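All chains should be built: construct the whole structure from the sequences, respecting the hints.
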Amino acid sequence: MSGRFEHFVHGADIGIRGIGPTLEEAFAQTARALTAVMVDPEQVAPREPVTIAVSAPDEETLLVDWLNALLFETATRHMLFSRFAVRIAGNRLEATAWGEPIDPLRHQPAVEVKGATMTELAVRRQPDGTWLAQCVVDV
1 MSGRFEHFVH GADIGIRGIG PTLEEAFAQT ARALTAVMVD PEQVAPREPV TIAVSAPDEE
61 TLLVDWLNAL LFETATRHML FSRFAVRIAG NRLEATAWGE PIDPLRHQPA VEVKGATMTE
121 LAVRRQPDGT WLAQCVVDV
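Each residue of the sequence shown is one higher than the one before, counting from 1 in my numbering.
Simulated from the structure, these hints should not be mistaken for laboratory data. Among these hints, one or two may not hold up.
[To be verified] Here are the computed distance ranges between Cβ atoms for each label pair: (1) 65 with 111: 17 to 25 Å; (2) 48 with 124: 26 to 34 Å; (3) 102 with 129: 35 to 43 Å; (4) 46 with 7: 19 to 27 Å; (5) 89 with 4: 19 to 27 Å; (6) 106 with 138: 23 to 31 Å; (7) 139 with 101: 19 to 27 Å; (8) 56 with 105: 36 to 44 Å; (9) 104 with 127: 39 to 47 Å.
Nothing here was measured: the structure is a model prediction, and the numbers come from that model. By construction, the Cβ of each residue, glycine as well, lies at the ideal position given by its N, Cα and C atoms.
Quick look at the structure:
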């Protein structure tokens, strides 16, 4: 991956941000930032693929729906994810997330993320040409 992710302070919650050369990479990096709120993504082996598809009326809502779909998969499959391949066409996102079952002793989850929110929500191309995708997650 050629992008990066960051966290930013937001009251009692946590802001997550993905930056990449493409919109898809920014969304993938935001997903890594989401994982990094819970655990160190480097400790999550990308063993099992899970396919995720969402659609939304705009890029900002698509980001929130993507992150909440990942959280749904985390909760229902009891998995963590560390690698992401994202494809966006219009208002539809199709992705593969690779991860493994949660091992509390090895992964040592820090916090539980309840959901991605519309707070501080932004998806935009920056002056340097890179894409930024961010929002605040409820912890």
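Which hint numbers doesn't this structure obey?
none
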